[in-house]
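Undergrad: The residues making up each chain are set out below.
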Amino acid sequence: DTEVTQTPKHLVMGMTNKKSLKCEQHMGHRAMYWYKQKAKKPPELMFVYSYEKLSINESVPSRFSPECPNSSLLNLHLHALQPEDSALYLCASSQDPRGSYEQYFGPGTRLTVT
Amino acid sequence: DAKTTQPPSMDCAEGRAANLPCNHSTISGNEYVYWYRQIHSQGPQYIIHGLKNNETNEMASLIITEDRKSSTLILPHATLRDTAVYYCIVRVYTLTQGGSEKLVFGKGTKLTVNP
Chain A
1 DTEVTQTPKH LVMGMTNKKS LKCEQHMGHR AMYWYKQKAK KPPELMFVYS YEKLSINESV
61 PSRFSPECPN SSLLNLHLHA LQPEDSALYL CASSQDPRGS YEQYFGPGTR LTVT
Chain B
1 DAKTTQPPSM DCAEGRAANL PCNHSTISGN EYVYWYRQIH SQGPQYIIHG LKNNETNEMA
61 SLIITEDRKS STLILPHATL RDTAVYYCIV RVYTLTQGGS EKLVFGKGTK LTVNP
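Chains as they are written, first to last, in the working numbering: chain A, 1 to 114; chain B, 1 to 115.
Excised from the complex, chain A in its bound form:
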């Protein structure tokens, strides 16, 4: 099984809402990633978890809060977002953050902030 699943597929939320994005993999990977992709732009890294610990935060605003409850699950908690945060949010995983392994990407969650 080489699949990374993301839920929900689509999410519409108001600026005062709190919501969460979920990402799951069962490949035994120990690195997990969140990316943000605006329309017609390349993905931009947001966070990296290495062995369930946050190892990279690319200066992401605090209204985005990542969480890695266990090695298979990655959440992104959203609060007080702005319309410009509307984007495709991609999750990825790789076998080991210390090796040259490929990242497997999920299909993404398309977020619209109204």
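Just to be clear, a hint being listed does not mean it is correct.
[Said to hold, decoys possible] No farther apart than 30 Å at their CA atoms in a straight line, the calculated lysine-lysine pairs in the BS3-like style are these:
| hint | chain 1 | residue 1 | chain 2 | residue 2 |
| --- | --- | --- | --- | --- |
| 1 | A | K40 | B | K107 |
| 2 | A | K41 | B | K110 |
| 3 | B | K69 | A | K53 |
| 4 | A | K18 | B | K110 |
| 5 | B | K69 | A | K9 |
| 6 | B | K107 | A | K38 |
| 7 | B | K3 | A | K38 |
Keep in mind the hints are simulated off the structure, nothing from the lab.
Knowing the structure of chain A, use the given hints to seat chain B on it.
TA: Below, chain B without anything else, positioned relative to chain A:
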């Protein structure tokens, strides 16, 4: 972070080889070159990666110049399903939290395979 430069778009006839160039002149000695592609609104898909030597797998070949300042992705027999945005990426490795990698995506090349 090392950056990559790719042509914004390319066309290729179905059945012919597609050769996608990438410049990464500021790459460091221990940084890998990765290629991913993204079909419209789907998650990126891994294609191939390399450090110094040329690499080949069932999807493509990767040719890296001796000075490592540029590389070429070759799709040997392009099909209509290969139409996608192709990203050439330099993998950056950091020592935070025991070591982790990050992929710095460039703008990519939109490859259109024509019948």
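Undergrad: Any hints this thing doesn't respect? Which numbers, in order?
TA: As far as the earlier hints go, 3, 4, 5 are violated by this structure, in ascending order.
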